[in-house]
Amino acid sequence: MTLPTSERLHLNLAGIQMRNPVMTASGTFGYGSEYADFVDLNKLGAVVVKGITSVPWPGNPMQRIAETPSGMLNAIGLQNVGVDGFIEQKLPYLCDYDVPVIANVCGKQEAEYIEVVDKLSATNGIAGIELNVSCPNLNCGGMSFGVDPQLTFQLVARVRKATSLPILVKLSPNVTDITEIAVAAADAGADALSMINTLLGMGIDIKTRRSLLANVTGGLSGPAIKPVALRMVWQVYNTVEIPIVGMGGIMNGNDALEFIIAGASAVAVGTANFINPGVSMEIIQGIDAYLADQQIRSISDLVGSLET
Amino acid sequence: MKKHNLKTTILSNRQVAEDHYLLYCDCPEVAISAQPGQFIHVLFDQGSGLLLRRPFTIYSVEGTQISMLYQVVGEGTSILSRMCAGDSLQVLGPLGNSFTIDESLDLAVVLGGGAGIASLMLLISALQKRKIRTDVLVGAMNQARLLSIADLQKIGIQPQIATDNGSTGHHGFVTELLLTTLAQQKAQLPTVFTCGPYGMLKAVTEICQQFNMPCQVAMENRMGCALGVCLGCVCKVRLEGGGQDQSGDLLFEYQRVCTEGPVFLGQQIIWD
Ligand SMILES: Cc1cc2nc3c(=O)[nH]c(=O)nc-3n(C[C@H](O)[C@H](O)[C@H](O)COP(=O)(O)OP(=O)(O)OC[C@H]3O[C@@H](n4cnc5c(N)ncnc54)[C@H](O)[C@@H]3O)c2cc1C
Ligand SMILES: Cc1cc2nc3c(=O)[nH]c(=O)nc-3n(C[C@H](O)[C@H](O)[C@H](O)COP(=O)(O)O)c2cc1C
Ligand code: FES
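From first to last, the protein sequence lines stand for chains A and B.
For the first sequence, numbering that gives the first Met the number 0 begins at 0 and goes up steadily by one.
For the second sequence, numbering that gives the first Met the number 0 begins at 0 and goes up steadily by one.
For reference, chain A alone in the conformation it holds in the complex (with noise of 0.2 Å):
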C-alpha cells in the first residue's frame, strides 16, 4: 500500500511535527511493536502509548471487556508496567521509528503524575505527554480530577511546571458540561485536548444476574459513542484556542473528516485497532483522497469547518 506523504496532511500540533493527524488512541496500540505486522509506524501521526503510571499496576480481575451493541465496556484497571519499565522496555523500540512518541500518564494522586512526568521529561525520545485525568475505571483514579475544574487545573499547572514537553489533556466525557473542564485545562498550561475518553457504562447478564465485568461498570469505547464524543468537539473547539485531538468510535476516514469538520486538529484511533489492525493506514488514505477530492489544500484549512 503506498501511503500520502502529501505536504497538505502536515500540521503542528502544539509543537508537536506530524506528518498526517491520525495518532493511536493510548490503550488500544499497545507500545507500537504490537502492530508491526499491520501498520508502517513512520507513516502515523503519533503514537500514543498505554497509560503509565509511576510504579507497574496489576490490573483488574477478569471479566474486564464485554461487547455491547456497536460497542465495547472495558475495565483493564490501568495494567501497565511503570514508567521505569516503560522507559527501560518499551521506549527504545519506538525510538527505532521517526514518528512522535505521546506518553499517556495516569495516576493516583498528583505527585504520581509528577513523578512519571519528570522522569519522562528527562528521557529522549518523548514528544509529548497526554495527561489521562479521565480514567473511569479505578475507584480513587483520575476521575477526581477530571471531573472537576478546580482539581484539573491545579494538577495540570502542577504538571504545566514539571515540564516543557507539550502537554495534552485527556478529558473525561463523564461531567455535565465538557467546556467548563476545558477551559480550566487550559487556563492552567494545556497546549491541547485530547477528548473524548470512555463513557462510564455497564451491561448485565440476566441469567447470572452479574455485570458483564468484574468491576461492574467500565468505560464505553466505539462507533456508540461517536455521536456524544463529536458533539462535545463541537463544543469544545466553540470555547478554547487550544488544538483538538478528537476520538471516540472513528472507524473510517469519514469518522475521522467528522471530528476534524466539527474542529479537532488531529483524531486518534481507538477500538478499530483491535477490528482492523491496519485500520490507521486506511483512515490516513481517506483523509488524504478527500482533500484531494475536495480540492484543499491544507488540512487546516478543513479544521473546525462546520457549515452553521
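Hints listed in this document are in silico derivations from the structure and should not be mistaken for laboratory results.
Predicted, not measured: the structure shown is a model, and the values here were computed from it.
Keep in mind that a hint or two might mislead.
With a straight-line Cα cutoff of 27 Å, these simulated DSS-like cross-link-like pairs (lysine-lysine) come out [claimed, not checked]:
no.	chain 1	residue 1	chain 2	residue 2
1	A	Lys89	B	Lys1
2	B	Lys235	A	Lys206
3	A	Lys89	B	Lys235
4	A	Lys42	B	Lys1
5	B	Lys1	A	Lys206
The following residues of chain B were derived to be distant from chain A, with all beta-carbon distances above 10 Å [what the hints assert, rightly or not]:
no.	residue
6	His3
7	Val15
8	Ala16
9	Asp25
10	Ile31
11	Gly48
12	Ser77
13	Lys128
14	His170
15	Glu205
16	Asn211
17	Gly227
18	Leu230
19	Gln245
20	Tyr253
21	Gln266
C-beta atoms are modelled at their ideal positions from N, C-alpha and C, and glycine is treated no differently.
Model the placement of chain B with the ligands on the given structure of chain A, informed by the hints.
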C-alpha cells in the same frame, strides 16, 4: 512469526454435531506456519452488526486450507453458523503460542471437553507423526454433541469417550476417564494436554498436581484485540519463583491469553 490479516471466502461450513459446525477457508499464509494450539481471530461479514472479532483455534491444515470447529454459544457463533460457502471472512493469524512437545516425550494423554477437542486436533496429529503413544479422552454433554470421533479414527486413534448423560461411552465426566487411564499407567507418567470448560481445566490441573505430572492447558478467555494490547484476555499466573504476599495470597501477574498463551502450564495458573 508474522501475523496476517486476510480477506478470505468460506469454502464450506457444515453442521457436524448438535450446535457444532466445521468451517473451511483458504488461508495459505496461515496454513503454512500454523502450530498446534494456535488460533485465528475472525471478523464476520461487516453487516452482521457485531463489532469485535471472535477467536477460534485452527482445527486442521490441509494444503492451503484451514478449518475451525466451533460451538454455537451466542450471537457471533450463531451468525457464523448461518454463513455459506462464498461468504467472505476476515482472518487474523496465526496467533498465540503453541503446545510444546518435548524431545523426550514418549507418553501423552490428550483430554478434550466439549468444543475443547477443536483446540487439540493439530496437537494430536503432531503427536501421531512423532509416533508418541497417545491416549485421547473426549468428553461431551451427550452423544449428539460428541465431536471429532471420525477425524480421530482417520488418523488411527481410538478415543475413550465420556458423556454427562451416559448416552454413549463412560457415564460421567471425562476427568474420571483420566483417573482410570492414569491408574493403568503406574510405571510411567504421561504429559497431559487439555482444553475445555474452565471447571474441567481446573479439575485436570488438580489431578495432574496430585500425580505430579506436567499439564499443558489451552485457555479460552474472551478476547478484544488478540494482539496483546487491550489486556482484556488475561488470566492469573503465578510469578516464577512463587512466593506469597503479606496476607498469604500467592504472588501473581495477569498474563495475556492471546500472547503469553493460549497454552499455559496448568500448575502456573491460579484457578479461581
Ligand atoms: C484462543 C481461543 C480459542 C478458541 N477456540 C475455539 C474453538 O476452536 N471452537 C469453539 O467453539 N470455541 C472456541 N473459542 C471460544 C469462542 O471464541 C467463543 O465461544 C466465541 O467467541 C463466542 O462468541 P459468540 O458471539 O457466539 O458469543 P457471545 O454472544 O459473545 O457470548 C455468548 C456466551 O458465550 C460465552 N463466551 C463468550 N466468549 C467466550 C470464550 N472466549 N470462551 C468461553 N465462553 C465464551 C459468554 O460468556 C456468553 O455466556 C476459543 C476462544 C479462545 C480465546
Ligand atoms: C481497552 C482500552 C484501554 C484503554 N486504555 C486507556 C489508557 O490507558 N489511557 C487513556 O487515556 N485512555 C485509554 N483508553 C481510551 C481510548 O484511548 C479512547 O479515548 C477511547 O477508547 C475512545 O476512542 P475509541 O472509541 O476510538 O476507542 C482505552 C480504551 C480501551 C478500549
Ligand atoms: S485480547 Fe487484547 S490483549 Fe489479549
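Quick rundown of the hints versus the structure:
| no. | hint | in the structure |
| --- | --- | --- |
| 1 | A/Lys89 <-> B/Lys1 | holds, 20 Å |
| 2 | B/Lys235 <-> A/Lys206 | holds, 25 Å |
| 3 | A/Lys89 <-> B/Lys235 | holds, 23 Å |
| 4 | A/Lys42 <-> B/Lys1 | holds, 20 Å |
| 5 | B/Lys1 <-> A/Lys206 | violated, 40 Å |
| 6 | His3 | violated, 7 Å |
| 7 | Val15 | holds, 26 Å |
| 8 | Ala16 | holds, 24 Å |
| 9 | Asp25 | holds, 20 Å |
| 10 | Ile31 | holds, 15 Å |
| 11 | Gly48 | violated, 8 Å |
| 12 | Ser77 | holds, 14 Å |
| 13 | Lys128 | holds, 29 Å |
| 14 | His170 | holds, 27 Å |
| 15 | Glu205 | holds, 20 Å |
| 16 | Asn211 | holds, 28 Å |
| 17 | Gly227 | violated, 5 Å |
| 18 | Leu230 | violated, 5 Å |
| 19 | Gln245 | holds, 15 Å |
| 20 | Tyr253 | violated, 5 Å |
| 21 | Gln266 | holds, 19 Å |
Hint compliance for this structure: hints 5, 6, 11, 17, 18 and 20 are broken, all remaining hints hold.
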